[in-house]
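From first to last, the protein sequence lines are chains Y and X.
Sequence positions in the first sequence follow this note's numbering and run 1 to 291.
Sequence positions in the second sequence follow this note's numbering and run 1001 to 1310.
Certain hints may be false.
Claimed, not checked - Pair ranges (Cβ atoms, derived): (1) Tyr1028(X) to Tyr145(Y): 50 to 58 Å; (2) Gly1132(X) to Ser4(Y): 43 to 51 Å; (3) Gly1132(X) to Leu12(Y): 28 to 36 Å; (4) Arg1128(X) to Lys175(Y): 32 to 40 Å; (5) Gly121(Y) to Tyr1028(X): 24 to 32 Å; (6) Tyr1171(X) to Lys175(Y): 43 to 51 Å; (7) Arg93(Y) to Val1007(X): 55 to 63 Å.
Quick caveat, the hints were computed from the structure, so don't treat them as lab data.
The structure displayed is predicted, hence computed values, not measured ones.
Glycine included, C-beta positions come from ideal geometry on N, C-alpha and C.
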Amino acid sequence: MIFSLDLLTEALLFGVLLGCFYAAVSIGLSVSFGLLDVPHVAHPAVMVLGSYCTYLLASQGLDPIVAGVVLMPAFFVLGILIYRFYYESFEKRGTDAGVRGLAFFFGVAFIIEIGLILAFGVDQRSVSAAYIGSSWALGEYRIPYRMLVAFGVALVLTFGLTVYLSKTFTGRAIKAVAQDEPALRLMGANPVRIKQWAFGIATGVSALAGAMLIIVNPVEPALDRLYIGRTFCVVVLAGLGSMTGTLAAGLILGIAESIVLMFLGASWAPAVAFGLLLIALGVRPQGLFGR
Amino acid sequence: MKYWVSVAVLFLLSVALALAPTNDYFFYAAFVVLQFVVLSTAWNILGGYAGYVNFGTGAFFAIGAYSAVVLFKWLGAPLAVQMVAGAAVSGLLGFSVGLLTLRLRGIFFAIATVAVTFVLETVMINWRYVGGATGLQLVRPAVIEPFDTYTRMLFVVMALLALIAISVARYVQDSWIGRGLRAIRDSEEAAECSGVPTLKLKLFACTISGALMGAAGAAMPMYLAFIEPASTFSLNYSVSALAMPMIGGTAHWIGPVIGALILATIQQVVTVTISNEINVLVVGVLLVAFVVGAPDGVLGLFKRWLRSSK
């Protein structure tokens, strides 16, 4: 493909939208893995589960975004249950939580994936809404409305979580748990309850992220494998637990992927996130905005 | 001594089986089971002894397979050469992944190995010579006497490789290397401070583990007479190679063998009788059940039973 300024601008524009979307799908992981140190490899699988739940609700005539919001409380509870189970089985026992905890979440991801295959089959599923399929003509560029919707929701999510974590009492407690758990225990607070709450929030957010996932592209059960790279790339690049960093890292990934997509072709796109992740891990594991 | 006699007996048994007039399907299934014995034993050298979780078994396996395909297509190399080359290339990949352990531990190392898998898969998808995304049909060379079919020969080859892998794991476990690796698993800082050459040992474990996985993968293209990236690099290999030692028990070399024999046999039966999806589900459910309920695997359960019956 010929390199031209026009194409580059288009790639950049699309990259920014895509980047915000990637930030939104990673923000749950940024809390659960970045702040709570839970090796949540199943995060993308939970998100895809959210997409399928959205699909079910949307086929009843509900708007996908509304469906995502409706699903949030249910996923919040699911998150609390997952964390509780993880805590009782691994963190509490202490020894060797690393290897087995990882294996546990890896297993959970596969169970969700296969469960979805058994329930829905391997075919791609998509939802329909007024803003899906049409696009907005901005000068000579065409911006799909679905990307704009995802962009908007992503900004709201990121901004909301940033404010929540820095302004509210519980939010600050979550940050405190991430910083120094024993100190929090000495202050008479129960870190497990705070972590449980935070994990619930992270999972609740994943429901909305899953709704956006199915708005932006059709989903299939095995999609979570690809998103392991994207979400972890964003969270690691961001520096664990940094919300503004998540947005910045999402933008970097989105722009990089959209440029590769434009100039090298779709078959190279999956390598971008994983390649960037490897570079980030190898060169700067503490991320751009590391704590 | 007793160990080596049983190894020889097992090998001769596999040759005898392959020459006996049994149903060919048995070898078709047994090959896969033995292949998982190799993968899970190889995984355990790094994951079980040193505590570094490798999610990238698919990458090592596939790089071995693709090395074999390249050699076969380019030079028409025989199977033995393909497997040695597959082991060498995957060992090299293992060495480079081992260098990552300099900076990365725990989940970071695990995620990095997943990343390696997907990056290499994308490269293979875009490499026309080896068939790209659609894959490449291979014509098997004539079978070597005295075997009737190619599958039977591959079965014996994989049995030999499994025995080699087990012997390597046994050697590593019982030598100072294994002690060093266990020290790394328990506390890398403490090991380093006590004079354990941690980097050297980690690199060794990564290389050996990768080479064995690559050798197992190198036999795959000839087994299927076909190669294709999506299934060769599949994370299903990664989850199986991780689940089998976890189910069998990671502390002893026999653990991954038990895990692989149990799980891979169930998988073979389930794939034939129910479906391919259920077989991955079985892996996931058993993995979760064991890491939660029996953290030391079948071996741990067995030990507990021995102690309580005393």
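These are the hints, each one checked on the structure:
The supplied range of 50 to 58 Å is met by Tyr1028(X) and Tyr145(Y), whose beta-carbon atoms lie about 52 Å from each other. Under the hint 43 to 51 Å, the C-beta atoms of Gly1132(X) and Ser4(Y), about 28 Å apart, miss the expected range. In this structure the supplied range 28 to 36 Å holds for Gly1132(X) paired with Leu12(Y), their Cβ-Cβ distance being about 30 Å. The hinted range of 32 to 40 Å is not satisfied by Arg1128(X) and Lys175(Y), whose Cβ atoms lie roughly 51 Å apart.
For the pair Gly121(Y) and Tyr1028(X), the beta carbons lie near 28 Å from each other, so the given range of 24 to 32 Å is met. Distance hint check: the CB atoms of Tyr1171(X) and Lys175(Y) are about 49 Å apart, consistent with the given range 43 to 51 Å. The hinted range of 55 to 63 Å is not satisfied by Arg93(Y) and Val1007(X), whose Cβ atoms lie roughly 37 Å apart.
Comparing the model with each numbered hint stated earlier shows that hints 2, 4, 7 do not hold.
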